[in-house]
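**Q** Here is what each chain is made of, one letter per residue.
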Amino acid sequence: MPRYRDLTHTARPSDAKRVVDPKSNIRTTDPGALQMLKMVEESKIESVFDRVVAQQPQCTFGYNGICCKICIAGPCRIKKEEGPGSRGICGASAYTIVSRNLVRYIAGGAASHSEHARHILHTAHALVEGKAPDYEIKSPAKLLKLAEKLGIATLNRENMEILKDVVELGYADFGRYQDRPIAFLDSFLNEGRRKKFQHTNIMPTAIDGSVTEIIAQTAMGVDSDPVNIIFGGLKTALSDLAGSYIGTNISDILFGIPEPIVSEANLGVINPKMVNIAVHGHNPVLSEMVVSAARAMKEDAKKVGAEGINIVGICCTGNELLMREGVYLATSSASQEMAIMTGALDAMVVDIQCIYPSVQTVAECFHTKVVTTEFMMKIPGAQHIAFNTATAMADAKRLISIAIEAYKHRDPKKISIPNERHHVVAGFSIEALTEVFSKVCPDRPISVLTDAILSGQLKGVALLAGCNNLKRLQDESHITVLKELVKNDVFVIATGCSAGAYAKFGLMSPSAVDAYAGDGLKSFLKTLEEANPQLSTGLPLVFHMGACVDNSRGMDLAIAMADELGVDVPKVPFVASAPEAMHEKAISIGSWAVTMGLPVHVGSLPPVEGSDLVFGVTTQIAHDVFGGNFIFEVDPLIGATKLLDALEYRTWKLGIHKITAEKNETSLAQGW
Amino acid sequence: MSMEQIYEGAIKDPTQQPKKLLRKAYDGTIIAMTYAEILLNRAIKDFGTEQLVSYPDTAYALPVITCLSGEKVTKLGELVPILNRMRTQVRTELTFENGRLWGESTLYAAEVIETIKYLRGDDPKVKPWTGFLGDPIVRKHGIKMVDWTIPGVAVILGRAKDSKAAKKLVDNLMGKGFMIFLCDEIIEQLLEENVKIGVDYIAFPLGNFTSVIHAVNYAFRAGLAFGGIPAGERENHRDYQRRRIRAFVLHLGERDDVKVAASMGAIFMGFPVLTDQPLAEDDQIPDWYISEPDYEKIVPLAMEIRGIKLTNVEIPIPINFGPAFEGETIRKNDTYVEFGGGRTTAFELVQMVGPDQIVDGQVTVIGPEIDSVPEGSKLPLGIKIDIFGRKMQADFEGVLERRIHYFANYGEGIWHVAQRDLCWVRVSKEARANGFLIKHLGELLLAKLKEEFPAIVDRVQVTILTDQKAVEEGLVLAREKYRARDDRMRSLTDESVETFYSCLLCQSFAPNHVCIVTPERVGLCGAVSWLDARASFEITPNGPNQPIPKGPAIDELKGMWQSTNDYLYKASNNTLEEVNLYTLMDRPMTSCGCFEAIMAIVPEANGLMITTREHSGMTPCGMNFSTLAGTCGGGMQTPGFMGIGRTYLLSKKFIPADGGLARIVWMPKELKDFLREDFVQRSIDEGLGADFIDKIADESVGTTVEEIVPFLEENGHPCFDLESLM
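Chains A and B, in that order, give the protein sequences.
Residue numbering for the first sequence follows this note's numbering, beginning at 1 and increasing consecutively.
Residue numbering for the second sequence follows this note's numbering, beginning at 1001 and increasing consecutively.
Be a bit skeptical, because a hint or two may be false.
[To be verified] Here are the simulated lysine-lysine pairs, BS3-like style, with alpha carbons at most 30 Å apart:
(1) Lys663(A) - Lys1332(B)
(2) Lys1020(B) - Lys17(A)
(3) Lys1378(B) - Lys658(A)
[Claimed, not checked] Covered stretches of chain A, going by a simulated chain B footprint (3 or more residues, C-beta under 8 Å):
(4) 5 to 17
(5) 223 to 230
(6) 249 to 257
(7) 530 to 537
(8) 606 to 618
[To be verified] Computed list of chain B residues with no C-beta within reach of chain A, every gap over 10 Å:
(9) Asp1057
(10) Asp1122
(11) Tyr1295
(12) Arg1343
(13) Glu1375
(14) Asn1434
(15) Asp1467
(16) Thr1499
(17) Glu1578
(18) Lys1653
(19) Val1680
(20) Leu1688
Note that these hints are calculated values from the structure, not bench results.
Backbone N, C-alpha and C fix where the C-beta goes; we use that ideal spot for every residue, glycine too.
Can you make the complete structure from the sequences, with help from the hints?
**A** Here's what the structure looks like:
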C-alpha cells in the first residue's frame, strides 16, 4: 500500500458528511442551473434535486454494500459482527456480499460501455457491407493506425477491406472462446501491463463472456471468496476498457479524430430564436446524423419562423459532438431537466445511458418532445423513433421535423433562458495533444510533458472524469478538485460530465489559465502556445478529451508517458479522479484505472465500507498488486490534496530511483 | 519450554481476544492465500506442473517451506497441495492461537507469491534492492551473528513518519550493529537521506510487499545451515528462531491487512512486532504486537522485549560506527585523503610497553591533521598503538594489530585494507565533511581495544604519524618487530605447542559444532587463529575458546589425540566421539556453516577441489558453493567434504594424511589470486614446483570432471600418482 508523506492521508476517508445539506433542494453550483431553478421557482416543477431530498436518509445497509438481493431468500443484511446475524441466510459474510455487489456494478458498467461499442461496430459493419449510405470512413489515417496496432495488414489494401477486418476482430473480441486476450485491449497495452494482467489471470478474452462470467460467478451459491470475486470483477472491468477502446477508436474512424475546436457551453446556448434540439446520451452514431440533418433542414425551420436549427448537446452525446463538431454543450448530467425548463427546447433526442426517466415528466409541463431512438431505451409517454443505420439520414430528418413541428407550439410565457454561456476550447484527442507537443519536440513529443514533470514545472497529470452525484452539490467537487490541481501545476485532462462541468463554468477557456493556473502550469501552457501559432485559439486550462468512453484516450496518454519514461504505468505521475461518480460505468472505469496502475480518487463512496477486507483490498492492497489504488474521499478539497499526495509519492519515488540508478550505474528500479 | 508456552499469558482472559487486530490479520490471510492461489494456478496453466522453480543460489529450495514442512519443492505443481494444506489451517474463530496459524499460512503464501515472481522474472532487482538473499550472504554473516557482533536483527517495513526519522532510526540500529531487513518506502526514505544500505552494509533493502518474506527466508536458513536442524522439524526450527535469531519487526506507517497477517507470521516465529501507529487495546497483544508511537522509545522497547542487551560503548567521533560499514568501499573519486597502499609510506604497529612508557587514553597526531590538507591529498601514515596490560603478552601484539583492520573499517567513511607496512587507508569526503579527523581514528581504535580486550589491555596510547620523517623512523622499528614476530610464528607449530584451543563460538547457532584451532589450522571461518583463541581465553576464561592440553597422539598422521576426542565428545553434546585434524576422509572436523571455503573430493581425478563463498559458479563436483555448503554444516561429520578457512591451504598441516597440497585439482581463479604468492612458496617448499598453481584447473579450464581431467593429465598434475583417495 502506498504510505504518503502527508501522515494524515490514510486509506480512510475524512469525517466529511456523506450527504451535504440533506434537506436542501438547491443542490447545484452550476450558475446556469441555479438561474434556471430561480426562474422556475414559482411553477414548482419537480426536479432531481427535490428527489434527492425525498430519498434522505438513504438506506445504510445498501450504502455500505451489505444488503444482498442476489436470491429471493433475501434480502439479507449484515446486522452484527458475530453470530448468525453476521451472515446472510446462505452463510455469506460481509466480505462476500460486498464484493459480489461491487463486481455486479462493474458488470453493469462493462455491459454499458460495450453496448455502446457494439452499436458503433454494427454501424461500421453496415458501412462495410454497403448498407449505411449516410456514413463514411472519415479518418483513413486513424483506420490505418488502428489496423497496424491490431496486426491487420494495410499494405495495398482498400480502406473498406481493412475496416472489414477491424470490425471482424472487434466482433471476435465480444464473443471469443479461445484463450487469447481481447485484441483491442491487448493492442494498446505496454509490456508491463500486459504481463501483469496475464500473470494475475485477469486478462479478459471476450467482452460478453467476462460480463456473463462475473454474473455467473456471483450467483447464489457460487464464489464466496472476496479476493477471487474482485479479481473476476477486475477482468470484467478490463473488458469495459476494451469496449471503451473500441468505442473511441471506431468513432474516430467514422466521425473523425477530434481536433482543437472552439465552442460555447451552458444553458445560455439555447437560442430563443431558433429551433432548439438537445441530443442527450452517449452514442455519436445518431447524433452525428442529427447535426448533418439540421444543417440540411435550415430552410424548413425558417418556414415556421425560426432563424434556424440549433443543436445543443447534453451529457456525453454532447461531449462527442462538442469534440468533433463544435456543437454547443447545453448542460451536463444532473441538470439535464433544466434544458427543458428553459421552455425553448423543442425536442430532446436521446440515445442511451444517464437519461433521467423524469425528462418526460418535465417535458409534460412544456411543449418539448422527448424522443427515444434505441430499442433498449424507451420512456413511457415519450415518442419512439427507431433509429436505423440504413436509413440514418432519413431518421435524423424525421427527428428534426418533430422539433420543427413542436417549435410551433412554444409558449412564449414559459420561455426563460439563463444567460449563462462560456467560451470553450475542446477537441483534444491523444492525436491532437501529441500534435501540440510535437511542435516543441517533434521527435519525442510526450517528453515535453514528462520532462516538465521531471523538472518540477508540472506536478503530474490528472484525468478528471465521471458523473454528477447529488450527495453533494452538482459540480462543486469537479470544480474544487480542478482548481486545486491546476493551482498546484497539475496538467489536467477531462472527460464526461467532469469535462462538462468545466465547460459550463468557463474553465475550459484560455482566459481561465491566467485566473487559476499555478506558475508552473501557466509557463508550460505558454510554451505550448508559443510553439503552436497555427492554432486559432489559446490553450485551455483543462484539456477536453471527450466522452466517458474516451477515458481510453487517457490510457493512451498514460502508456505513452510510461514508454517515454522507460517505466511501467504505476511509476508514472498520473492520477485519475471521479469527483462526483454515480453510474455503474464509473465503478467499472475506476476499477480498470486501478488495474492500469493509477491512483483513482472517487468523491462519492461506492458501497464497500461494509467490509474492511474489501475496503482494504481496493484502497491498499491493489497498489501492491497492480500499482494503482482507490482513494475514497468525499471532501473535494481533501480529495485534491490526496491526489497531489499521490502524485508527489510517484515523483518522489521516481526521483530517488533515478538518482539511485545513476549512482549505482544500473537500470531504473522497476518496483513501485 | 515448548514454543506454544511462550505465548501464554499474553492473552489474560481467553474470552477477551484482541479482535480488532485479529480481524485484520484474518482478512489479510484470506487476501494472501487467494492471491497466492490465483498466481499459482495461472502459472501452472502457463508453465505446467513440471516446471522447475527455485530461488537463486540456495541449497534449501524454498527455505520457508523446506524448514517448516521438510518438503524440498522443486516443481511448480508441488506447491498446490502445500498451499491447500495451508488454506485449510485458516480457521475463522478470532483467537490469538488461530492468529499464529494464519501467520504461518501467510508466510507460505508470501513464499509462493515470491517464488512465482522469480519464475516469471517479474520485478527484477537492481542494486541496492536485494530480493532473495543467497546462501553465501547468509554464511558470510554467520560468524558475526554467532559472536554477537551483530546483536540482533531488525525487520523494518512500511514508511517512517519522515525520512529524517527513518535515517535516525536506522543509523541508531547500524551503530548498535544490527542486521537490518527493509521493505517498502523506508528504502526510498533511506536512499533519500543517503544512508548506506545494500548487501555491503548488512542492511538489506528487500523490495516491496511480499518481498519481506526474504527476511524470513534468511532467518530460517540459519537453523538449517548452522543449527543442523533437519528440514521439516517445524517446532525445533521455531524454537531455534526464537532462541538464536534475536529479531523484532518494526511496522511503520499505516497498516494494511496483509502486513498484519504477515506480522502474525513473525509472531509465529517468536519475533515481536512493534508499530508506530497509535492503537486501541483490542488492536494489540502484550509483548507481541505493540504500539509505540515514540521513535525514541521504539527500538529500546523492542530490544527489551526481545532480550537484547548491548555492552557497546559510545565512541565520541563524528561518524557512524558499526559492522554495517565493514563492507563499504570508498572509491577514488569519493576519497578525501589516502594513506599507504604503495602510494605513500605507511605502517601500523601494536606493541607492548611498560607502565611508565604510556599515558593511558592519549591520542597524539604528529604531522599534519587532515583538515589542513586539500582534498585528494596523499599522506604518509604510521599508526602506533602502545599497550600496557598486566596479562598482556608479546604474542598478542599481532592479534591486536590485526584488529586495526576490522575496527577501522567499522567507521563509516573509513576504508582499510592489508596490514603492517602494506596497509592502505582512505577517508571519504563525506566523513571529512562530517568533521572526521585522523585523530578520531586513534580515538576509535583506542576505545575499541579497551572495550573488546579488557582482560589483557589496561592502558592504551595511540600515536598517529603523518609526517614523512616520523613515519620513516617508525617504520624501521616496526619492521624489526614484524621480523621478530614472523620468527616466532614460524616456531609456532602443532608439534611445538603443548596446548590447542577449542572454538565453540558458533555453538550459539550450531549447537554441536566444535572447532579445534591449532597453530597450523585456522578456524574454518578464517577469523580465529590459535593466537586469537589464546588471547580470547585470556580475556574470557570461561568463554568459547578453551585450552585443550595436547597430550600424546593416538594417530600422528591423521591428527587424532585422546585429549581432543575427549573434549569433542563433551563439547558436541555427546554426539561425536572422535575427530581427525589432518584429513577430510575419516572422521573430519565438523563445519558450523560460516566457512569461507569448502573442499570436496573429486574421485575421478583422485584429488579434491575447493570453492569459495565468493565464487557462485558451478564446480567439478556438480554443485556450486551454496549447494555444496548445504551438504555439510550444522555440526556434522561428512567425510569427503569440509568447510575451511582460506588460509588453511597455506598451512604445512593442510590435510597431510590425504597427501596435502598435491591433492588440489581445482579451485576458482579468485582463490588462486588471493593466495598466489604464498601458495607458490608453499608449493616450492613441498617440492611441487613454482608452477604447481598453474597445473590446478579453474573455471576457465572447466567446471566438469570431463573438462578438467584431460587438463590435469596434460599438465602433469601429481594427483594421479598419489595413493587412491577412496
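**Q** None of the hints should be skipped; say for each whether it holds.
**A** Structure-based check of all given hints:
1. Between Lys663(A) and Lys1332(B), the direct Cα distance comes to roughly 15 Å. Compliance with the 30 Å bound is thereby established for this hinted pair.
2. A C-alpha spacing of about 25 Å is found between Lys1020(B) and Lys17(A), which places the hinted pair at or below 30 Å, so the restraint holds.
3. Between the alpha carbons of Lys1378(B) and Lys658(A) the distance comes to roughly 34 Å, so the proposed pair goes past 30 Å and is violated.
4. Check result for the segment 5 to 17 of chain A against chain B: holds, 4 residues qualifying (beta carbon to beta carbon below 8 Å, three or more required).
5. Here the segment 223 to 230 of chain A counts 4 residues with a CB under 8 Å from a CB of chain B, which clears the bar of 3, and the coverage holds.
6. Only residues whose C-beta sits within less than 8 Å of a C-beta in chain B count toward coverage, and the segment 249 to 257 of chain A has 0 of them, not enough to reach three; the restraint is violated.
7. With 0 residues having a beta carbon nearer than 8 Å to a beta carbon of chain B, the segment 530 to 537 of chain A misses the requirement of three or more and the stated coverage is violated.
8. Given a C-beta distance limit of less than 8 Å, the hint that chain B covers the segment 606 to 618 of chain A holds, as 4 residues qualify and 3 suffice.
9. The Cβ of Asp1057(B) lies farther than 10 Å from every Cβ of chain A, with a closest approach of about 19 Å, so its non-interface assignment holds.
10. The non-interface label for Asp1122(B) is inconsistent with chain A: the shortest C-beta to C-beta separation is roughly 7 Å, within 10 Å.
11. Consistency note on Tyr1295(B): stated as away from chain A, and its beta-carbon is indeed over 10 Å from all of that chain's, at 13 Å minimum.
12. Residue-level check passed: Arg1343(B) sits 26 Å from the nearest beta carbon of chain A, beyond 10 Å.
13. At roughly 20 Å, the least C-beta separation between Glu1375(B) and chain A is larger than 10 Å, which holds for a residue marked as non-interface.
14. Asn1434(B), annotated as away from the interface, keeps every beta carbon of chain A farther than 10 Å; the closest lies near 19 Å.
15. Once the 10 Å rule is applied to beta carbons, Asp1467(B) is consistent with being away from chain A; the minimum gap is 37 Å.
16. With a cut of 10 Å on Cβ distances, Thr1499(B) stays outside the contact zone with chain A, its closest approach being about 49 Å.
17. Every beta carbon of chain A lies more than 10 Å from that of Glu1578(B), the smallest distance being close to 51 Å; the non-interface claim holds.
18. Distance to chain A confirms Lys1653(B) as a non-interface residue, since its nearest Cβ pair spans about 43 Å, more than 10 Å.
19. Against chain A, the non-interface label of Val1680(B) holds: every CB pair exceeds 10 Å, the least being about 36 Å.
20. Look at Leu1688(B): its CB is around 43 Å from the nearest CB on chain A, clear of 10 Å, so calling it non-interface holds up.
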